[in-house]
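From first to last, the protein sequence lines are chains D and L.
Just so you know, numbering that gives the first Met the number 0 puts 219 at position 220 of the first sequence, and the rest follows in order with no gaps.
Just so you know, numbering that gives the first Met the number 0 puts 160 at position 161 of the second sequence, and the rest follows in order with no gaps.
Simulated from the structure, these hints should not be mistaken for lab results.
Take the hints with a grain of salt, since some may be wrong.
Identical copies carry no separate label here, and so any pair may be met within one copy or between two of them.
Below, computed lysine-lysine pairings styled on DSBU-like, alpha-carbon distance capped at 30 Å [as the list claims (entries may be wrong)]:
#, residue 1, residue 2
1, Lys-450, Lys-437
2, Lys-450, Lys-27
3, Lys-450, Lys-512
4, Lys-439, Lys-450
5, Lys-310, Lys-355
6, Lys-101, Lys-168
7, Lys-168, Lys-450
8, Lys-275, Lys-437
9, Lys-310, Lys-512
10, Lys-275, Lys-101
11, Lys-22, Lys-355
12, Lys-101, Lys-437
13, Lys-310, Lys-168
14, Lys-512, Lys-275
15, Lys-168, Lys-512
16, Lys-100, Lys-461
17, Lys-461, Lys-27
18, Lys-310, Lys-100
19, Lys-450, Lys-101
20, Lys-101, Lys-22
Predicted model only: the values in this text are computed from it and were never measured.
There are 2 protein chains.
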Amino acid sequence: MLIALAQINPTAGALRPNAARIKEFFHKARQEGADLVVFPEMALTGSPPQDLLLYGSFAAAAEALMEQELAPLTASPAPAMLLGTCRRLQGRLCNAALLLKKGRVEAAYPKAVLEQRAPFQECSYFSRGGQASYERWGELMAAVAVGEGALRPEHRPLLPQPCGTAEEKRLLIIPAASSYRFGGQARREQEAAALAREQRCALLLVNLVGGSDELVFDGASLVYNNRGELIRRAASFAEDLLFIRAGDLFAPAAEACPAAAEDMDTLFQALCLGLKDYFYKSGFSRAVLGLSGGIDSAVTAALAAAALGPKNVLGIMLPSEYSPPHSLEDARALAENLGLETRTIPITPFFHAYLKELNRSGRPEMDLAEENLQARIRGDILMLIANRERRLLLTTGNRSELAVGYCTLYGDMAGALAVLADLPKLTVYELARFINRKHKRAVIPERTITKPPSAELRPDQKDEDSLPPYSVLDPILQLYLDEHLSPEEIMARGFDATTVQRVIALVDRAEYKRRQAAPALRVMSGLEVRRFPVARGRN
Amino acid sequence: MLIALAQINPTAGALRPNAARIKEFFHKARQEGADLVVFPEMALTGSPPQDLLLYGSFAAAAEALMEQELAPLTASPAPAMLLGTCRRLQGRLCNAALLLKKGRVEAAYPKAVLEQRAPFQECSYFSRGGQASYERWGELMAAVAVGEGALRPEHRPLLPQPCGTAEEKRLLIIPAASSYRFGGQARREQEAAALAREQRCALLLVNLVGGSDELVFDGASLVYNNRGELIRRAASFAEDLLFIRAGDLFAPAAEACPAAAEDMDTLFQALCLGLKDYFYKSGFSRAVLGLSGGIDSAVTAALAAAALGPKNVLGIMLPSEYSPPHSLEDARALAENLGLETRTIPITPFFHAYLKELNRSGRPEMDLAEENLQARIRGDILMLIANRERRLLLTTGNRSELAVGYCTLYGDMAGALAVLADLPKLTVYELARFINRKHKRAVIPERTITKPPSAELRPDQKDEDSLPPYSVLDPILQLYLDEHLSPEEIMARGFDATTVQRVIALVDRAEYKRRQAAPALRVMSGLEVRRFPVARGRN
Chain D
0 MLIALAQINP
10 TAGALRPNAA
20 RIKEFFHKAR
30 QEGADLVVFP
40 EMALTGSPPQ
50 DLLLYGSFAA
60 AAEALMEQEL
70 APLTASPAPA
80 MLLGTCRRLQ
90 GRLCNAALLL
100 KKGRVEAAYP
110 KAVLEQRAPF
120 QECSYFSRGG
130 QASYERWGEL
140 MAAVAVGEGA
150 LRPEHRPLLP
160 QPCGTAEEKR
170 LLIIPAASSY
180 RFGGQARREQ
190 EAAALAREQR
200 CALLLVNLVG
210 GSDELVFDGA
220 SLVYNNRGEL
230 IRRAASFAED
240 LLFIRAGDLF
250 APAAEACPAA
260 AEDMDTLFQA
270 LCLGLKDYFY
280 KSGFSRAVLG
290 LSGGIDSAVT
300 AALAAAALGP
310 KNVLGIMLPS
320 EYSPPHSLED
330 ARALAENLGL
340 ETRTIPITPF
350 FHAYLKELNR
360 SGRPEMDLAE
370 ENLQARIRGD
380 ILMLIANRER
390 RLLLTTGNRS
400 ELAVGYCTLY
410 GDMAGALAVL
420 ADLPKLTVYE
430 LARFINRKHK
440 RAVIPERTIT
450 KPPSAELRPD
460 QKDEDSLPPY
470 SVLDPILQLY
480 LDEHLSPEEI
490 MARGFDATTV
500 QRVIALVDRA
510 EYKRRQAAPA
520 LRVMSGLEVR
530 RFPVARGRN
Chain L
0 MLIALAQINP
10 TAGALRPNAA
20 RIKEFFHKAR
30 QEGADLVVFP
40 EMALTGSPPQ
50 DLLLYGSFAA
60 AAEALMEQEL
70 APLTASPAPA
80 MLLGTCRRLQ
90 GRLCNAALLL
100 KKGRVEAAYP
110 KAVLEQRAPF
120 QECSYFSRGG
130 QASYERWGEL
140 MAAVAVGEGA
150 LRPEHRPLLP
160 QPCGTAEEKR
170 LLIIPAASSY
180 RFGGQARREQ
190 EAAALAREQR
200 CALLLVNLVG
210 GSDELVFDGA
220 SLVYNNRGEL
230 IRRAASFAED
240 LLFIRAGDLF
250 APAAEACPAA
260 AEDMDTLFQA
270 LCLGLKDYFY
280 KSGFSRAVLG
290 LSGGIDSAVT
300 AALAAAALGP
310 KNVLGIMLPS
320 EYSPPHSLED
330 ARALAENLGL
340 ETRTIPITPF
350 FHAYLKELNR
360 SGRPEMDLAE
370 ENLQARIRGD
380 ILMLIANRER
390 RLLLTTGNRS
400 ELAVGYCTLY
410 GDMAGALAVL
420 ADLPKLTVYE
430 LARFINRKHK
440 RAVIPERTIT
450 KPPSAELRPD
460 QKDEDSLPPY
470 SVLDPILQLY
480 LDEHLSPEEI
490 MARGFDATTV
500 QRVIALVDRA
510 EYKRRQAAPA
520 LRVMSGLEVR
530 RFPVARGRN
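Chain D extracted, bound-state conformation (with noise of 0.2 Å):
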């Protein structure tokens, strides 16, 4: 029996291009001699559909497709197929894994571990299945459970129970929709193999990939033996087809796969995927950007370069008054070594048009309601530039400012698309320096990575004037937006007072300006969005 791992990337609500990839896969592997070909968790309607989960036709044609162009796939001699899909079972809406099998659907599989977080919310949409059982497949056992919420150990009450003789070849098939999080990959595969191990099973887990709005489906399908050894490991952020024998499966790995390496590398794969499928899921091309010669702007530009080509990159320096020469020859330099084209657009002679008219005297009065001005100006030449283009604006602000914020609502906050908003600070710096070294050179100019930060909208700013120094600012809201501890908490791990609570009171007084943030690309904090009341008071 030889079993094929399918690692598609479809588009979310997409049904017919992602019945066709489906086809497409679904005959490469007929071609190699599969007698089983597994899809991931939803990989007919895409992942998250989110509300188009509530429309019946939604439910209605995914089902067409699947009793009429898919299931027909699979008549005798055909493989069988394990689909991810939504589907009515009983009158509710499940998520679901369907076996297409002599030319019709044979069985279905509900989810039981059901994903509440954002953007996810299955319960919102789905009824929840119950425990998964082992049947008889040919030679093997095998039972399916949707969702890789199936590997955490709080709901091995939900995994079919081990029947049967210590011989008998047990198969657990997991088709997943697993976001990509740094440090997630490594997390994923040790639940894995500890599963397997336990449950003395093989276990495939056949995981989407690609991008889709705020996540990257990071696909790196896994293969483990009855043992709980890693056999197999697709692409990490690319299409993938494995195959595997199932005699492979119950023997010992010739050669165990190494452990999943995560670092800047893959950091850097997450983004550019993320990226590039936001573009051309959205049927766009080319993207345009501020470029100020700091060090956020020329992480995005270097990543919107790696994702869609320099020539469909648009720099655009958009100097002020306050800005020093070295910002423009920062910039200049990135976009020469990127191969980006540029324009430059000082913005002194707008500031100036407002003020003369806002301001009683005329002159700047320097105060936080002109810096903020100067950045919507830019936002507003940046969104000109997109809308005539037809460009994308990618925004280019990272986690660190975003949760202080420390930036500009429909001012440097203007974008289709947050780059870097799920990053702490210190990780673009880790990230531009992954990138000079792949490049083997300095792409992002030294200067760059090595000046004060600023935001340049008054003279000789620095973020350091306003903030704590990133390397307490980024610890101080990882232990306050991540795990959750109180002020008091995070000062007991020896941060100073004062810095504490000046930090979660900008923290809680920026919340109003994420609400209408870009959409960011959730690489770092995986699915989970930050969400407080705005209008919270004051304990």
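Knowing the structure of chain D, use the given hints to seat chain L on it.
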């Protein structure tokens, strides 16, 4: 036995101020001789506290307040208190009502029917409680079920089973946090009456009141006797303290309350309360908005004047070269009628400063990008004023526009709160006429109501040049967005196929704008926020 229903307006997350408000109401009820004071669901935490619930310190602080400050108030001979909060029960966080009695927490009733929809998403935070049951409370058999969901017929299995004799005095207490939705009061009352009649129990529903970000809790707490007759209803959209003698719960109504009458007045009050609480609970008292002479800004201004007081509302007229003279006249007349301060800032000089630098010809190219630019210049000016004068900018777009994307991101979409964004355009007209009836004169100038709507971003522009008439658009949007019908199903209702397809294509394409839209008062659709994949390809 005298029972008090304490319908309070807490702030989400503000534990100490909420506890202070609870004490105030408790003391008033005590003075009146109450034996039991019932507060709404999540009265201590405010609702919904969202990700604050992920902080162990938040639940711990709520628990400490409960044990150390609130429970002691109930030491004999003080009344008992039933109070909604988050509470860790057997190690799991629940949305629970606690019975405080004789100075301590005597019982906890965890919510069984969790609210899945955004922004509550209770599945992400809370463990589910089990079936409620009756227990003896003095002369009564009482049961507690948290949340309006307990009223739904499909959740009957979670309600207590009546046992004992038919003469038993059964009382079902429902502490609730039900947000307002036009038409929702009538539904709630039908369900409550049906439940009381069917189970032959008296029923108290104690609801929260007040704005909380996008939601407006409407109060209107209810008292039914065990014949299902509505015998008391608390104030709508205001705090209230209502008393009921236990005896009256088990006797025929001397006089039953009339059914809930929802009309433009209710909607007006809901929007005013939502607006006011959004400001006050965020620490703001003053608003700014652009006045175009059109219907949306006129209605928004009238609501803001009613909610915040006219002297706290600043109207800015921002005429372009394409604005006809009547726009400024109508805007001025409105401001004068409402008593608003105004300023006039023509945007032409700013617009030309951009064109001079950004268009090769230096003159308008009359493309869509320039229309957006004008809207963004207005946004910049309004935000500058808001930032400088510590005002919140109100954005004025209606639901119809936002649905089809007839609005400019970072332009007219800019703002802290979208007051009308959940109202179809036709409802905005109805509300305008109601406001004039209420004032007994045309505070909203008649011409504002009768002239064809226009964005005034190019000469002689009318909404109907780009969109179907609102009398066609609004019903199509309702079928698509609220009833989740497919294009084919909508056509089958008699709408023109080309129009339906055009509208739906516009809606789908505008998803990216809605992702960055300002928070909106959700008074028509209730909780639901439409959320589709942005990058979804095409079928």
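Hint check results:
1. Lys-450 - Lys-437: The answer is within: 21 Å in one copy meets 30 Å, while 62 Å across copies does not.
2. Lys-450 - Lys-27: neither (52 Å within a copy, 62 Å between copies)
3. Lys-450 - Lys-512: within (27 Å within a copy, 36 Å between copies)
4. Lys-439 - Lys-450: For Lys-439 and Lys-450, only the intra-copy Cα distance (21 Å) is at most 30 Å; the inter-copy one is 65 Å.
5. Lys-310 - Lys-355: Answer is between; shortest inter-copy Cα gap is 27 Å, intra-copy 39 Å.
6. Lys-101 - Lys-168: Within one copy only: 23 Å inside, 62 Å across.
7. Lys-168 - Lys-450: Cα proximity of Lys-168 and Lys-450: none, with 61 Å in one copy and 76 Å across.
8. Lys-275 - Lys-437: within (19 Å within a copy, 54 Å between copies)
9. Lys-310 - Lys-512: So Lys-310 and Lys-512 pass the 30 Å test across copies only (27 Å; inside, 33 Å).
10. Lys-275 - Lys-101: For Lys-275 and Lys-101, neither the intra-copy (38 Å) nor the inter-copy (64 Å) Cα distance is at most 30 Å.
11. Lys-22 - Lys-355: neither (63 Å within a copy, 54 Å between copies)
12. Lys-101 - Lys-437: neither (49 Å within a copy, 70 Å between copies)
13. Lys-310 - Lys-168: This pair counts as neither: shortest intra-copy Cα distance 53 Å, inter-copy 78 Å.
14. Lys-512 - Lys-275: both (26 Å within a copy, 20 Å between copies)
15. Lys-168 - Lys-512: Result: close neither inside a copy nor across copies, 55 Å intra and 52 Å inter.
16. Lys-100 - Lys-461: neither (64 Å within a copy, 57 Å between copies)
17. Lys-461 - Lys-27: Answer is neither; intra-copy 57 Å and inter-copy 54 Å both fail.
18. Lys-310 - Lys-100: neither (47 Å within a copy, 72 Å between copies)
19. Lys-450 - Lys-101: neither (65 Å within a copy, 65 Å between copies)
20. Lys-101 - Lys-22: within (16 Å within a copy, 70 Å between copies)
When held up to the earlier numbered hints, the structure conflicts with 2, 7, 10, 11, 12, 13, 15, 16, 17, 18, 19 and fits the remainder.
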